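A.B. asks: Each chain is listed here by its residues.
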Amino acid sequence: MFNKSSQTPLIVELMDISKQNEAILKFFISGVGSKVFKISNTSTDVEAYIIDYDFPGAQARWDENYMDSNKPRIILATLDPKAANSVWVGKPLSSKKLIEAATTIKRLQKTATATPSTSTQDNDAIHEKTPSIPEIKPFSLVNDTKVTIPKKVSTENTTTATLVKSESLENNQQKPLNPTKNPIDELVDNSTPRVDQPPLNLSENKQDTQKKKIKKPKTAEEIAAKVAKQEQRWKELCGESEDSSEPITEEQRYIPDNYFIGKLTGAVRLAKQSQQVVEIKALPHSIFILPNEHQVFTELSISDENFIQFSRNKIKQGEMSIHILSSIETGKLEMQMNQLPECIHSLESFLWTSSLLASYGRLPITLNLDKKTALKYWPSFARIEAFPYSMRIAALWHHSPDTLIEIANKLAIPQRYVFAFYNGAVALDLVEHDPKKVKKQIKAKPKKKGSGLISRLFKRLLGGAS
Amino acid sequence: MSVVNRKIIFTGPVGSGKTTAIISISDIEPVTTDQNASDMTQKRKNNTTVAMDYGVINVSENERVHLYGTPGQERFDFMWNILTKGGIGLILLMDNTRQDPYQDLKFYTRAFKEFIDEQQMVVGVTRMDLQRTPNIDNYRRWLDELGYSAPVFEVDARSRKDVSVLIQGLLLSLDPGVS
Numbered sequence: 001m002f003n004k005s006s007q008t009p010l011i012v013e014l015m016d017i018s019k020q021n022e023a024i025l026k027f028f029i030s031g032v033g034s035k036v037f038k039i040s041n042t043s044t045d046v047e048a049y050i051i052d053y054d055f056p057g058a059q060a061r062w063d064e065n066y067m068d069s070n071k072p073r074i075i076l077a078t079l080d081p082k083a084a085n086s087v088w089v090g091k092p093l094s095s096k097k098l099i100e101a102a103t104t105i106k107r108l109q110k111t112a113t114a115t116p117s118t119s120t121q122d123n124d125a126i127h128e129k130t131p132s133i134p135e136i137k138p139f140s141l142v143n144d145t146k147v148t149i150p151k152k153v154s155t156e157n158t159t160t161a162t163l164v165k166s167e168s169l170e171n172n173q174q175k176p177l178n179p180t181k182n183p184i185d186e187l188v189d190n191s192t193p194r195v196d197q198p199p200l201n202l203s204e205n206k207q208d209t210q211k212k213k214i215k216k217p218k219t220a221e222e223i224a225a226k227v228a229k230q231e232q233r234w235k236e237l238c239g240e241s242e243d244s245s246e247p248i249t250e251e252q253r254y255i256p257d258n259y260f261i262g263k264l265t266g267a268v269r270l271a272k273q274s275q276q277v278v279e280i281k282a283l284p285h286s287i288f289i290l291p292n293e294h295q296v297f298t299e300l301s302i303s304d305e306n307f308i309q310f311s312r313n314k315i316k317q318g319e320m321s322i323h324i325l326s327s328i329e330t331g332k333l334e335m336q337m338n339q340l341p342e343c344i345h346s347l348e349s350f351l352w353t354s355s356l357l358a359s360y361g362r363l364p365i366t367l368n369l370d371k372k373t374a375l376k377y378w379p380s381f382a383r384i385e386a387f388p389y390s391m392r393i394a395a396l397w398h399h400s401p402d403t404l405i406e407i408a409n410k411l412a413i414p415q416r417y418v419f420a421f422y423n424g425a426v427a428l429d430l431v432e433h434d435p436k437k438v439k440k441q442i443k444a445k446p447k448k449k450g451s452g453l454i455s456r457l458f459k460r461l462l463g464g465a466s
Numbered sequence: 001m002s003v004v005n006r007k008i009i010f011t012g013p014v015g016s017g018k019t020t021a022i023i024s025i026s027d028i029e030p031v032t033t034d035q036n037a038s039d040m041t042q043k044r045k046n047n048t049t050v051a052m053d054y055g056v057i058n059v060s061e062n063e064r065v066h067l068y069g070t071p072g073q074e075r076f077d078f079m080w081n082i083l084t085k086g087g088i089g090l091i092l093l094m095d096n097t098r099q100d101p102y103q104d105l106k107f108y109t110r111a112f113k114e115f116i117d118e119q120q121m122v123v124g125v126t127r128m129d130l131q132r133t134p135n136i137d138n139y140r141r142w143l144d145e146l147g148y149s150a151p152v153f154e155v156d157a158r159s160r161k162d163v164s165v166l167i168q169g170l171l172l173s174l175d176p177g178v179s
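Those protein sequences? They're chains G and H, same order as listed.
The working numbering puts the last residue of the first sequence at 466; the count rises by one with no breaks.
The working numbering puts the last residue of the second sequence at 179; the count rises by one with no breaks.
Don't read these hints as lab results, they were simulated from the structure.
Small disclaimer: the values here were computed from a predicted structure and weren't measured.
A few of these clues could be false.
To be verified - According to the in silico footprint, chain G covers these stretches of chain H (three or more CB under 8 angstroms from chain G):
1) 95-105
2) 125-139
3) 142-153
Positions of the beta carbon are idealized from the N, C-alpha and C atoms, including for glycine.
Build the full structure now, drawing on both the sequences and the hints.
C.D. replies: Now the structure itself:
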């Protein structure tokens, strides 16, 4: 809420400003800052200029064309330019800094019109120590501007809006500029003692961000090897079968229960029903299912060569067994998990890959290919092994129930990818074989607005040309 | 040549990774409005966003997708309606270490109901490495209960790949036939 009665916006003209900062400013001014600033292009109305000193050539253009202007400037810059008749707003921009800058300029104007003054008087007005001029209210986000306890503004604080009226005033810059508490501070402060720190932790964020890490440039051979390895992995997950106009043969079918995936899905079901940790004993391996944490604990690795065979070999009767862990066993398991965190896997990822490796592009023998099925939920794509078209299959299938062949036809992609997706989704219990049950869940209709841009952005994110 | 601009909104509770996600994916040095947290937020992190975060993905010479992150604190909810105007979709980030993620999900889907109904939403669950429960299945079923059908992904907001997956999910929800 804004105090409309006591405020008039500061009429400004945007000078040389980078597009990104211009977008920020215009966004701010069109919304929350509409009572603080008003943009005008008529030079007679303009009370102040906003200029980005980091914008190439901005300072030179100002000096050349506007040097004689006596209107104050709000200078956006990373470093304080210490320019006369200006308020510096340090980057990154924030609403608080902008409001403070506007408040300072307003105060300067008011003082100048009320008392034709010498520079010393201006100085006193600008650098007041207490709210001795109560009629000049700072911009507020609340209805009633409150008189608040004067607050020191540290030079190290985020609010380093510095007014430099003239060179002779520089010595006074350490004094608080705005002794009244800024309304934004009221929202942020909450009466808690505040430790003044730089406004942004951007440098830390940068360190955390993986994209900022310096990567060694890859050679063409390294890239080719990586691509070949990736394509090989997709073959392992999805098979290599070409589409055929002939009906699916028996060779393209399999019985999940004959493989590790059959035991694994059974164990997951049992773990979820009992809400207990369940172990699959597949000597010499053990696989523990933790239903609440959605985790698997095993020394087996889904990316290992041996795991391909482990998943693809048919299991013999009695070769694998399932049992629910007792509380003592669960306690021991927790200790083991603490010692071997590298053996903890995401359940969704483990199920997905196990299923794809076992099916190898084949379909369960029980599946009626003419029957439509539905995808209840999307898999957690950032954690599973994705393969070509997998997200597109999820989107289309989730949007409308269909047969697997039709999904492949609509997307114009090889059927083996749809079959592989089906197997993974079944293992994750994401498939609804009665589409009527799912129909009600689908609410929003997909939008086609700006689909050209959507397509180009999608390609851009996939790493292709936009 | 006119420039085509679209907007994607990142929202979610304090500390869910909105600022970090935008930093991870933006083509420009993102503009953030973090301030020292001085209220309850301080318990979760030192700095918090008070106005918005802003980043851009340059799609082509004359096409840009602007990324806006909302301030997480509920008292800044007056910003939310302003930010969503003209947006093509919502990325809701959920912090799995919060006390009651279900209430958070309920709150944010309700707060952005109009926008979600008009556009699309994708949910990213962060900090699952620190707190495994609730799990992704729980979130899927909670969304069902709340009447929403949206992709739910476990993500690390620091990972460009994970944030890219979130946006891809959003785009494919908007247009399942996109290629």
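A.B. asks: For the segment 125-139 of chain H, count the residues whose Cβ lies under 8 angstroms from any Cβ of chain G; is that count three or more?
C.D. replies: Since 5 is at least three, the answer is holds.
A.B. asks: Closer than 8 angstroms, Cβ to Cβ, for at least three residues: run that test on the segment 142-153 of chain H against chain G and report holds or violated.
C.D. replies: Answer holds; 7 residues pass the 8 angstroms Cβ test.
A.B. asks: Okay, the segment 95-105 of chain H and chain G, do three or more residues pass the C-beta test at under 8 angstroms?
C.D. replies: Our answer is that it is violated, as 0 residues pass the Cβ test (under 8 angstroms) against chain G, missing three.
Comparing the model with each earlier hint shows a violation of hint 1 alone; every other hint is respected.
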